[in-house]
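Peer 1: For reference, the chains in residue letters:
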Amino acid sequence: MKMKHLLFGAAYYSEYLPYHRIDQDMDMMAQAGMNTIRIAESTWSTLEPQDNIFNFNQLDLMIDAAQRHNLSVIIGTPTYAVPTWLVRKHPDILPVTHDGQTLYGHRQNMDITNPHYLFHCERVIRRLLDHVKDISHIIGFQIDNETKSYDTCSSTAQQKFVVYLKQNFPDINTFNLEFGLDYWSNRINSWDDFPDIRGCINQSLNAEYKKFQRQLVTEFLFWQSEIIKEYIHDEQFITHNFDFQWIDYSFGYQPEVNQYDAARCMSVAGADIYHISQDQLTGAEITCCGNIARSLKNDNYLVLETQAQGNTGWLPYEKQLRLQAYSHIANGANSVLYWHWYSIHNSFESYWKGVLSHDFKENTTYNEACVIGNEWKRIGSHLINLQKKNQIGVILDNNSLTGLSEFPLETSGDLSYNIVMRWLTNSLFRLNLEYDMLSSDSCHINDYAYIIVPALYSATEQLLLSLNDYVANGGHLIVTFKTAFSDEHLKIRHEKQPYLLNECLGIEYDQFTYPSAHTEICYNYASHHMTAKCREWMELVSCITATPLGRYINSGWSGYNAITVNHYKKGVSMYLATMFDDDLLDTVLSDYISVDSECEGIHAPVIIKKGVNDYGQLLRYYFNYSNACQTVIYSGHKGLELLHNKNIANEDILTLPAWDLLIIEEYL
Amino acid sequence: MKMKHLLFGAAYYSEYLPYHRIDQDMDMMAQAGMNTIRIAESTWSTLEPQDNIFNFNQLDLMIDAAQRHNLSVIIGTPTYAVPTWLVRKHPDILPVTHDGQTLYGHRQNMDITNPHYLFHCERVIRRLLDHVKDISHIIGFQIDNETKSYDTCSSTAQQKFVVYLKQNFPDINTFNLEFGLDYWSNRINSWDDFPDIRGCINQSLNAEYKKFQRQLVTEFLFWQSEIIKEYIHDEQFITHNFDFQWIDYSFGYQPEVNQYDAARCMSVAGADIYHISQDQLTGAEITCCGNIARSLKNDNYLVLETQAQGNTGWLPYEKQLRLQAYSHIANGANSVLYWHWYSIHNSFESYWKGVLSHDFKENTTYNEACVIGNEWKRIGSHLINLQKKNQIGVILDNNSLTGLSEFPLETSGDLSYNIVMRWLTNSLFRLNLEYDMLSSDSCHINDYAYIIVPALYSATEQLLLSLNDYVANGGHLIVTFKTAFSDEHLKIRHEKQPYLLNECLGIEYDQFTYPSAHTEICYNYASHHMTAKCREWMELVSCITATPLGRYINSGWSGYNAITVNHYKKGVSMYLATMFDDDLLDTVLSDYISVDSECEGIHAPVIIKKGVNDYGQLLRYYFNYSNACQTVIYSGHKGLELLHNKNIANEDILTLPAWDLLIIEEYL
Amino acid sequence: MKMKHLLFGAAYYSEYLPYHRIDQDMDMMAQAGMNTIRIAESTWSTLEPQDNIFNFNQLDLMIDAAQRHNLSVIIGTPTYAVPTWLVRKHPDILPVTHDGQTLYGHRQNMDITNPHYLFHCERVIRRLLDHVKDISHIIGFQIDNETKSYDTCSSTAQQKFVVYLKQNFPDINTFNLEFGLDYWSNRINSWDDFPDIRGCINQSLNAEYKKFQRQLVTEFLFWQSEIIKEYIHDEQFITHNFDFQWIDYSFGYQPEVNQYDAARCMSVAGADIYHISQDQLTGAEITCCGNIARSLKNDNYLVLETQAQGNTGWLPYEKQLRLQAYSHIANGANSVLYWHWYSIHNSFESYWKGVLSHDFKENTTYNEACVIGNEWKRIGSHLINLQKKNQIGVILDNNSLTGLSEFPLETSGDLSYNIVMRWLTNSLFRLNLEYDMLSSDSCHINDYAYIIVPALYSATEQLLLSLNDYVANGGHLIVTFKTAFSDEHLKIRHEKQPYLLNECLGIEYDQFTYPSAHTEICYNYASHHMTAKCREWMELVSCITATPLGRYINSGWSGYNAITVNHYKKGVSMYLATMFDDDLLDTVLSDYISVDSECEGIHAPVIIKKGVNDYGQLLRYYFNYSNACQTVIYSGHKGLELLHNKNIANEDILTLPAWDLLIIEEYL
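Sequence lines, in order, name chains A, B and C.
When the letters of the first sequence are read in order and numbered with the numbering used here, they come out as residues 2 to 669.
When the letters of the second sequence are read in order and numbered with the numbering used here, they come out as residues 2 to 669.
When the letters of the third sequence are read in order and numbered with the numbering used here, they come out as residues 2 to 669.
These aren't lab readings, by the way, just hints derived from the structure by calculation.
All C-beta atoms in this analysis are idealised placements derived from N, C-alpha and C, irrespective of residue type, glycine included.
Treat the hints with care, since some could be wrong.
As the list claims (entries may be wrong) - Chain B is faced by these chain C residues, among others (derived, beta-carbon under 8 Å):
id : residue
1  : Y184
2  : S205
3  : L491
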């Protein structure tokens with residue numbers, strides 16, 4: 002969805018203010034060049050303080066003031082935090098999870114299949130939408146907030162699950178066989194015998210329940226979206242702020258949501274991206290999470306939340322806030338909305354700081370936001386709606402993520418899948434190789450010169466056949482260990498591994514182990530001779546038609562291969578049978594993947610991003626993610642550096658101060 | 002409360018003996034110079050083996066034998082461990098806590114608001130008191146044992162909490178605003194909607210519940226004290242054995258009790274002090290915990306429990322038991338009572354060993370107790386009732402402790418407050434700067450030349466104004482990071498930080514972060530130029546009128562200050578915006594605080610403690626807390642070294658063997 | 002029990018196969034020289050898919066095919082995993098444990114005292130036995146699988162426990178005294194007041210409950226055994242697969258079963274032995290666990306489960322599978338049965354791989370199994386029924402294991418007892434000193450030249466007196482710290498320590514502590530002068546008549562002894578008062594224990610095992626547990642090396658390639 006201007010602003014909650022200051026806040030926003038606030042989300046107890054008693058005062062104050070200050074408004078439905086009166090009236094709204102019945106307090110603490118919850122949800126949404134439906138500076142609506150199933154295992158949810166299984170498996174014997182339930186006498190001979198899923202030790206069945214829970218999320222978002230559509234105008238968008246697997250920051254693909262499915266009910270995809278900062282700011286999280294968001298609808302996306310001051314360890318160094326904002330836009334985002342405007346004075350996120358500190362005064366973070374906002378007023382029309390055409394597609398798959406959570410690598414536990422995915426995509430990032438993120442059921446594989454497949458543990462026959470075809474037709478495929486090992490229900494294949502892909506890969510293996518502390522790879526390709534430690538997993542690969550590029554050394558497995566490459570019909574495929582150090586991965590990938598000419602010899606901490614803007618012109622961003630000044634030689638047609646409004650010619654030296662950037666728009 | 006002689010003895014339980022040997026035990030006690038036993042506490046099931054059936058046989062045997070061996074007796078009420086029959090009769094006596102309903106077994110496992118518990122409590126206390134009320138060698142009574150609320154979250158307790166809130170907040174809107182309950186829709190629009198506190202994620206409300214739980218403890222102790230007072234004589238004291246925040250030993254101020262409030266119902270404060278030993282014995286725990294105990298009533302205190310052999314890792318080296326005993330007395334204690342006389346042969350504390358091992362034979366620990374007891378018979382009258390007049394007061398505050406538990410430092414979790422407090426007081430200890438511990442609502446601030454304020458996260462306006470006044474009137478104030486950040490309900494101030502104190506401190510800040518691994522302070526004062534690593538927290542302080550003494554280096558924050566000093570009206574104040582290494586802290590504090598002349602140049606492991614004894618004479622203790630012999634030069638008037646009965650003159654060299662001490666009484 | 006041939010094979014489950022392939026599997030087994038399958042165990046839901054509906058199709062298919070392929074069959078009762086319908090019908094079959102009520106899913110998840118469980122158990126066993134009772138190639142029956150009480154704390158179990166206590170303690174006062182229940186008011190004045198054991202904090206009572214739970218296991222196994230005996234023929238055996246304390250592999254004696262008692266209902270003892278592998282394969286686990294199994298009935302035993310590929314980190318290096326198989330046989334095992342034939346395609350143990358990988362193809366592990374099977378066809382008759390006559394007995398005791406779990410060493414927690422046991426037995430193993438494992442109630446102590454007593458924390462007077470007598474009569478005794486400290490109910494002795502044994506040991510102590518980081522032993526004996534770090538525990542031992550061999554140094558405890566030796570009447574005893582490094586232990590033990598002449602100077606990684614075979618000939622195995630080739634000089638009479646069919650004479654040099662072995666049968 003095309004935007005008219007870059008959205009710049011913050012989440013705003015007049016509800017939590019210690020004193021009335023909406024106009025002061027919006028004055029400061031406007032002065033910073035901000036143009037958007039995101040409101041209402043999570044404030045159900047203010048909107049409906051008692052059962053069926055509604056109060057839109059705070060909302061109206063904010064909306065009216067926004068109009069006075071030329072701020073657009075995004076309205077969120079308030080449904081992800083339930084009021085005390087609702088839980089008192091219907092205690093069964095609190096979910097029963099694997100950890101038992103929850104208590105009231107936390108947000109995201111409800112059974113999204115509960116009919117009482119859904120009844121009250123619908124009522125508050127309809128009353129809210131009805132109240133705001135004709136307000137022109139409301140530009141869009143956000144459904145709920147980072148929706149999950151919150152691990153609901155209520156009897157309602159479990160009954161729905163049995164119905165779901167019955168539909169997929171009319172013959173209960175087929176079900177037992179596919180899920181291997183005879184093992185340890187877990188057989189279910191009658192659907193009435195279905196035991197509480199929370200005690201289940203069968204990973205196939207647990208994975209299916211997680212898939213079912215993801216489907217609940219999709220259904221819930223579609224359901225809200227259908228209600229909202231009854232009220233809104235054509236130019237208003239519907240979005241949702243998807244988040245990511247979390248390890249103190251946004252780390253990888255979200256295990257609990259099938260974002261590709263869920264995004265189909267939205268006009269534009271949104272994302273909440275939080276990342277490490279200070280000396281650890283690399284741009285890799287912004288890129289990886291942003292690439293997922295952009296790929297959900299293969300379009301520009303909104304950054305609905307990102308950090309201003311953020312958590313205690315994230316306070317940005319000088320210039321980092323600006324670098325981050327441009328990083329999002331260069332990646333295809335059309336907005337940077339901070340969570341949140343001011344720092345809250347009580348409760349759980351008091352130390353998740355906003356643009357303003359608790360004292361509401363101008364501070365260094367606010368001052369830097371002013372720089373961003375005012376630059377964008379000047380050059381924003383050159384930056385918005387950036388179109389990318391990447392040569393590399395990385396395949397993402399929720400079922401494989403679950404599979405590697407159920408059967409993890411040696412030390413990575415629930416993060417196993419994303420650790421492999423980030424291992425690969427971080428290397429692409431460092432090498433200045435831009436990439437898209439494809440759903441495993443994407444029909445666009447053949448649009449890419451390179452397809453990268455991280456640990457696709459669970460795969461349908463159809464997908465594996467299409468990957469073979471992709472190579473046969475001239476594609477370049479990179480596949481890691483664990484791929485193709487099990488079917489869509491985590492039933493391990495009883496055929497040769499990697500199942501079906503052994504054809505295009507020209508390899509096979511039937512054993513694997515953990516690398517010992519001294520197991521290494523020895524890599525030999527062209528003039529490159531390197532060794533590197535193995536970790537997490539190693540498959541003992543034999544080459545059938547493939548050429549070995551890396552062998553295991555210093556262990557009992559010296560006869561086996563770790564990295565292989567195979568020419569298959571018109572294409573080429575590479576297999577990585579183990580994980581190893583980043584330096585070697587960078588070498589292996591740069592030996593295998595052709596880089597764009599302007600990136601030749603340039604790699605992290607200097608990152609180049611590019612795309613075509615609304616004027617049809619090629620834009621190249623040069624970012625310096627480091628404390629030290631960097632110089633690079635510009636390779637491209639003549640153009641204009643937009644920030645300094647300065648002409649640039651091919652082979653000019655570009656100087657990038659610490660945590661700074663340049664943006665060059667090629668002349669047509 | 003003045004004592005007539007130092008109490009020396011142990012807790013004693015004839016109830017747990019494997020065979021009858023009361024007279025043998027008391028013979029050994031008498032031979033060791035012991036004069037006191039503490040009994041009855043925790044033995045409810047012996048005193049009342051069945052409902053309303055009482056049996057005082059064991060008690061009488063001990064009391065009678067004690068009289069024969071000239072031992073005084075302290076009687077504890079037995080109420081902190083409930084009998085099996087009582088829980089069978091009233092299962093609801095077992096508390097519901099944040100971890101759920103408890104099972105019978107552990108001590109301190111009851112709901113102290115439960116009416117059945119209180120009924121039976123009162124009956125057993127009255128029967129016990131009635132039984133012993135006219136026995137002359139009973140010198141005092143101990144209420145319960147290390148009382149807490151045991152995290153009671155029973156419906157009785159929670160109903161009392163709502164009543165307590167209603168009283169404090171007649172207007173529920175004020176309550177919602179002050180606690181920030183609109184956040185995440187936690188608003189409570191009717192008191193009837195109040196949810197189970199155990200799910201609460203609002204730190205202000207959780208902190209208020211903890212404060213309420215501390216109030217339950219105070220009420221419980223007052224209630225028992227009122228009952229006891231009905232029975233006792235004027236010369237008998239009432240005490241309680243307060244304990245401390247525990248990390249395998251007594252570490253810091255007790256989070257679960259407002260000891261200053263609770264001590265008001267007692268004639269003398271008591272304390273249980275356990276500490277690390279062997280190579281790690283420094284005297285710092287005995288001093289810090291003892292200073293709290295002494296300050297509760299600004300008077301001498303009782304050490305009601307301390308270790309003899311103690312836990313497995315605490316077995317004292319030769320001479321350490323004696324050094325420890327004198328350390329308590331030098332600090333203002335009037336007793337050393339071991340927990341416990343003999344080592345128990347079954348159950349939970351079998352390896353928390355007493356003076357005697359399980360074999361009841363004389364051993365090296367017992368032999369050292371004999372040395373102590375017999376020395377005190379000789380010189381005890383010079384040591385007892387030691388009066389101290391310290392120049393330094395350290396402010397202690399339960400609410401701030403809770404605040405830093407809810408919003409902890411980077412790595413210190415629930416210990417955060419006490420880690421800051423001990424960081425400062427350990428430095429004072431090493432520098433031979435004796436100090437008192439003032440409650441944050443103390444009216445004695447102005448009695449001190451120096452006031453030290455560790456991490457006073459939660460503070461009333463009144464307290465902060467009084468600290469400003471203190472400096473204005475000539476005081477020396479030392480304030481650390483986090484101080485004044487929130488009000489008494491942990492609502493973060495929305496004004497300039499440090500709230501109100503920025504006036505006397507001459508500084509301000511609006512941002513903070515965690516120090517990275519290489520962030521350091523560079524300190525410059527007079528001839529001192531030092532650097533030190535920062536840790537846990539750092540505020541980015543700007544000087545308004547203050548002088549910077551320490552700046553941050555090696556990070557993105559080089560423009561900001563870490564240590565500042567400010568002359569404000571007649572006084573001086575210092576701000577420490579981060580934590581750093583002990584060496585630098587010792588330097589900073591010794592640059593700022595004037596030491597008494599006799600301590601000039603003397604520091605740990607040689608520790609000096611002093612006070613005025615019952616003869617009106619100045620006593621100075623010289624302790625050597627190390628394995629190596631130490632020498633120091635005596636600075637003071639002529640006096641008598643009491644242990645060796647030897648004259649000492651100014652500038653004499655004092656020789657302190659490993660783990661030994663000298664006590665010099667100045668001649669009048 | 003004598004076997005006719007070595008059993009070689011695997012557990013087999015046609016129930017879990019993804020497609021029908023029984024004949025293909027058995028062809029491959031036969032080709033590998035396998036002769037046995039173990040079936041039916043854990044497949045209740047296949048045998049009885051609905052209440053009282055039985056289906057023996059899968060069973061019959063396997064049994065019939067086995068006959069066609071000349072495979073013997075061992076039938077396991079399926080009772081350790083309950084079907085879904087049974088739990089739906091009787092939810093109270095799921096046990097209540099210390100962690101609460103369990104949910105359906107896991108195996109070994111039932112209350113073995115539950116009458117409904119027992120009813121259905123008996124019915125399925127009888128129907129199964131009835132079905133197979135006249136089949137001649139069924140050679141034996143396995144009762145259940147690694148049976149435990151699964152920590153049942155159901156009301157049925159707890160009521161039985163109270164009955165058990167009443168029987169042992171007709172006088173409740175004696176009970177209270179022996180268990181020390183007056184402490185913390187835990188006294189039980191009426192059996193009706195007995196509280197839920199799950200809250201109990203009295204270690205004596207907790208230990209008694211664990212002993213009671215072990216008795217439940219014994220009763221359950223006897224009960225099943227009696228049922229089975231009604232159906233079987235004389236030549237069929239009854240066994241059970243005992244397992245071991247588990248730390249990712251079989252580590253030590255099983256805390257939850259009294260295996261010596263339980264084994265009395267079996268014709269032959271069985272064991273499940275899993276061990277670390279690859280570079281960490283030492284043979285120590287196979288030896289230690291195998292020695293326990295052999296000692297249970299003082300006879301040959303069955304290895305009913307051991308790893309083929311096993312867990313991911315266990316994949317054997319080339320030749321290791323064969324080395325392992327011979328290691329079991331050399332230790333007195335009469336079988337090597339792999340768990341399991343093929344790798345399962347779903348559920349909990351999908352990565353606990355069998356002989357075959359998931360692809361059912363020949364692989365390196367299968368190929369190595371073929372070598373084993375075909376060698377055994379040739380030379381098996383020389384290997385089977387190996388008889389050992391060891392000089393060293395190590396005493397094992399469940400109560401002491403529990404005691405050290407309740408009162409653990411400094412860092413070893415629940416593993417404390419086995420850590421001490423393995424510390425000693427690993428040293429014996431490294432020194433080529435073969436040993437038996439004696440139950441603490443064994444009457445065979447005097448059959449051994451050396452008795453080794455690891456941490457016998459809980460001991461009856463009778464046992465301690467018999468150890469004194471053993472030394473008096475000329476035995477060599479080695480006793481470690483903690484021994485004799487408490488009685489059979491963990492009541493600590495109130496007499497001199499080590500209780501009673503101080504007589505034969507010639508020492509005493511009354512204090513102990515943890516070693517500090519720098520505490521060491523200095524050992525002096527003959528020409529050996531060594532120092533070593535102490536760890537975990539140290540007793541401060543004084544010699545009465547004993548000679549000190551090791552003293553503590555570098556600590557406050559230099560007056561005390563760590564290793565002592567004492568000549569007492571006709572024998573000699575040694576006391577180890579602390580744990581120390583393996584190198585020193587090897588020295589101390591080899592100074593004290595005479596080694597057999599053929600082992601002189603030979604130690605790990607070369608391990609010698611011996612015994613007398615069915616031909617009455619002495620067999621010596623030489624194992625090389627290392628990656629490097631080893632050579633040793635043969636010491637013995639002329640003989641035949643069986644694997645290479647080669648004559649060997651005294652002083653011949655034996656060459657042992659990496660992970661290889663030789664077997665020399667002396668000529669008569």
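Peer 1: Under the constraints set out in the numbered hints, which ones does this structure not fulfil?
Peer 2: When the structure is compared with the hints, none of them turns out to be violated.
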